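Colleague: Spelled out, the chains give:
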Amino acid sequence: MDDAIPATGLNWRRASIAGAVALPIIALLAFGMTRDPGEITSPLPGKMAPDFALEVFAQGEPGQERMVGDTVRLSEMRGQVVVLNFWGSWCLECRREHQALTNVASEYATKGVKFFGVLYNDQPSTALRWIQEMGGQSYPSVNDPRTRTSIDYGIYGAPETFFIAKNGVVAYKHIGALTEAIMIQKLDSLIAAPSS
Amino acid sequence: MTAVMVTTSAMGQSVTGATVAVDTVLDRRTREVASELRCPVCQGLSIADSPSELAQEMKGLVREQLASGKSPEQVRAYFIDKYGEWVLLAPKPEGFNLLVYLLPAALVMGGGWFVWRYVRRHTDTPAEQV
Amino acid sequence: MTRLIGANALIVALGVTVVGLLLVTFGARRQRAEWVEAGYSATYLQFALVTAATFAMIFGLVSHDFSIDYVAQVGSRATPLYYTVISLWGALEGSILFWGWVLSLLTALVVFWNRDRGGKLIPYTTATLLGVGIFFQILLVGPAHPFGLVSPVPLDGPGPNPLLQNHWLMGIHPPLLYLGYVGMTVPFAFAMGAMAAGEVGDTGWIRLSRRWLLGAWAFLTAAIIAGMWWSYEVLGWGGYWAWDPVENASFMPWLTATAFLHSVMVQERRGLLKLWNLNLIVATFVLTILGTFLTRSGVLTSVHAFTEGNIGYYFLVAIAIVLLLSFVLVAGNSEKLTSDGQLEGTASRGSVFLLNNLFLTAFTFTVLVGTLFPLVAEAVRGVKVSVGEPFFNRMTVPICVALLFLMGVGPALPWKAADRATIRRKLLPPAIGSGVALLVALFAGTRDVFALLAFMFAAFALVANVGEFVEGARLRMQQRGESAPLALSELVNANRRRYGGYVAHLGVVAVAAAITAASTFKTEYEGTIKKGESLKIGENMAVRLDEVWGREEPQRAVIGTTLTLLKNGREIATLDPRMNFYPTSQQPVPTPAVRSRPTGDIYVNLQAFQQDGSNATLRVIVEPLVPWIWLGGMIICCGALISMLPVPGAARVRAAARAESAERAPGATTPVTAS
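Which chain is which? The protein sequence lines are A, B and C, in order. Just so we're aligned, residue 1 is where the first sequence starts under the working numbering, counting upward by one. Just so we're aligned, residue 1001 is where the second sequence starts under the working numbering, counting upward by one. Just so we're aligned, residue 2001 is where the third sequence starts under the working numbering, counting upward by one.
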């Protein structure tokens, strides 16, 4: 597009004004490149985590274990750090983070951190098969059959993970696959914080 | 195969009769509110339009909340609380957002004035003769 | 082997394009005709090479050559052949390749049809086209290289995006869209060429541009309508337009191109609006590039398949160059485009065209502001906001209503200043028509003010445009004693451009009336019913659930329902809405069942089902007049086609002299600007 412009005949004053008009548009588009439209900042961090009462369908392993059929209520876990991982067997990113979650959950069981999977947009039967296929899940998963808890947490995809402080406030929301490093960093600072 | 299944007692009403009709005042109010809320898993569709499961559930929730006596404004507030301003498909006309409403209006008015002047300037016969 | 042919063809094509660009540019500057000729030949060679690469890709897809990374990305042995071929544009790299191919084709055609013209216009136009071509070819050898080697070679691939292999329209919509989009590059290239050649004040380039733009506009129109239809048939929500950034991106250049098709007549007849028309041509192209940038770079929509890599930055650089260059050139040349002509009256067709341009520009601006506002809000406030359907409907419906009104007034008014008697005579029948429409709409229960206005003005425009045909044909029948059908066809033949335009207007009326009716009288019914039960629809209709069934296909699993549509208890049709489960997709892809009649559609989507097949959740949407949207789109394209047909050669020159008499006796002669 480097046409030869005749040296004469261009009104440079008008041309430079027009060029100056183009710059903010370009700047706006360049700014857009730095943003991810899929990442919607959640209003939840800093607010009390919404309470829920959901039924366990996968019991997890000793340390985090809950009986199948038990009803888990967030309000019962005040004073403890809670990690809520919204997932589904259809979700590819969930496969990527699965091992990291399972590892950290069993490691932090002794430090009083509770992990729960919340099944989003999926069937417990399919989810159980998935867990088996993935070699187990060290923490219990609860079912959210009408996605009301998911809506309460402002979920728009999976995986999304909430780190809830001892006082019941959402400390951090992670979108997409988690890594062990991120979890350890967040959890250590939450455990260290006073529980009031 | 993942069979996605909804048993929507909220949406579907009871199905004992031979024929089920679903179009009530509450449905219309639900639709009004739901058509202003953005479906989180779609590309720009409202939860009223989206056939996705999450949108269906959200619509059901809108319906429940309206049925329990909440005002449309309160229902919107609930969703803004959970999803942020992003969930509104038309930005609230206040503060900075006014820009998106006023700029087009300003263009129409400014352009209209310009066209009027242009026609006056480039017309042989003055407008009064018509 | 296929991979190497494709990869090397693209590399050589880039070299040839660069050389061609240098040859035509310097050949024109130094007045070396043989350089320019060599540059022209390079455009043919470029076309041949990109064609070779495109065919290599199609061959690779069809032969399941998974060593090619694009094939490994979108191909699958289980995919039916049709969808394998059209997956050429199913993902980023392939769509850029196809884009590049269309561009190289159009470049070669521009050269082929115009190479005998003297002067610098065509060399510089070719240079611009090759410059744009270089951009796409850089993408093709760089960030969007489709012929990368996959090692080890996979045995099978995941197949195309499920949404793109679920309906035959996906084979139609993208090629039309690319032809429309890429076609808009050609008028832009003429504009840039004219500015570079110092001929921007002449009429030669604007006539060439007009024809190309009209052609591209017809393709874009067809593409937009086909896209709406696809969305209606595949997405399962019963709508056809969601004001999604991708849709807006295709709509904005359509609006500016539409504005140009009208305002260029003011320039041709009255010598006005020269600078404005140049602006519209440039804006149309810039909007196509902006739209591509917005949708392909992941700035506004997060379509994951299309955001990988850093291709967005290439687009950003390209759009910066295009914006700066075109703004600077247009503003720098603006002095040469003083308008010397005069309109002939305030109440004349010329004024209506100005208003039409005002509203089309306002429309474009509203869509642009709405599309970009989320970015602006995030930059300024740091908050993500959405701008969607409720906003766009609220803002643009009044503009649409105004445009419909003008579409009736314009054809009725003459170019010359109209006296009151003429205006009255011309506008009375349309006014009666709109009165009737108002009564009918009120009687049918319309209460929304804008819907009433839309029905009124649609009727107004309908009567006014049909009136032009009637009046012209009647005049011929009186003056020449022709029979009615002959008079009508001769009338259109004698002035194809004008009457083609009116045909397009009739198509727009159909689309506008259908959309208004569909959104005003749309009714929805939703319910979960057991086998044997029925869901009541309106007063006298119902759908009965007969069966829930499942079927395994090579590339997907299908769950469907068999429904019977009942009217007054009588069985009138069988419907089978389905859900398709693809292994690569978390969400099922619906196939709604649509029963179409001229009066409207019954649209049934399967929302959910019980796994044991005992019940299903259905959503039934009754949408009046929807088929008229698709039909109207076809009518618009027919109108464009009529306008594009060449005027019988000999008449052209003589016609110029008799332009004025054409005004008095419509269709009696060919008007001035029938090129």
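Watch out, some of these pointers could steer you wrong.
Stated by the list, open to error - Listed next, the stretches of chain A that the computed footprint assigns to chain B, with coverage defined by at least 3 CB atoms under 8 Å from CB atoms of chain B:
(1) 93-100
(2) 143-157
Claimed, not checked - Each computed DSS-like pair below joins lysine-lysine, with the alpha-carbon atoms no more than 27 Å apart:
(3) C:LYS2567 with A:LYS186
(4) A:LYS47 with C:LYS2384
(5) A:LYS173 with C:LYS2567
(6) A:LYS173 with B:LYS1092
(7) B:LYS1092 with C:LYS2384
(8) A:LYS186 with B:LYS1092
(9) A:LYS47 with B:LYS1092
(10) C:LYS2531 with C:LYS2567
Unchecked claim - Counterexamples of contact, computed for chain A against chain B with all Cβ distances above 10 Å:
(11) LEU10
(12) ALA18
(13) ILE26
(14) PHE31
(15) ARG35
(16) ILE40
(17) ALA109
(18) THR110
(19) ASN121
(20) ALA181
Since the hints were derived computationally from the structure, they do not count as laboratory data. Bear in mind the structure is a predicted one, so any value in this text is a computation, not a measurement. Note that the Cβ used here is the ideal one computed from N, Cα and C, for glycine as well.
Colleague: Could you run down the list of hints and mark each one as holding or not?
Modeller: Hint-by-hint comparison with the structure:
no., hint, in the structure
1, 93-100, "violated (count 0)"
2, 143-157, "holds (count 11)"
3, C:LYS2567 with A:LYS186, "violated, 62 Å"
4, A:LYS47 with C:LYS2384, "holds, 19 Å"
5, A:LYS173 with C:LYS2567, "violated, 53 Å"
6, A:LYS173 with B:LYS1092, "holds, 26 Å"
7, B:LYS1092 with C:LYS2384, "holds, 12 Å"
8, A:LYS186 with B:LYS1092, "violated, 35 Å"
9, A:LYS47 with B:LYS1092, "holds, 23 Å"
10, C:LYS2531 with C:LYS2567, "holds, 19 Å"
11, LEU10, "holds, 25 Å"
12, ALA18, "holds, 18 Å"
13, ILE26, "holds, 19 Å"
14, PHE31, "holds, 16 Å"
15, ARG35, "holds, 13 Å"
16, ILE40, "violated, 5 Å"
17, ALA109, "holds, 30 Å"
18, THR110, "holds, 33 Å"
19, ASN121, "violated, 6 Å"
20, ALA181, "holds, 27 Å"
Hints 1, 3, 5, 8, 16, 19 from the list above are not met by this structure, while the remaining hints are.
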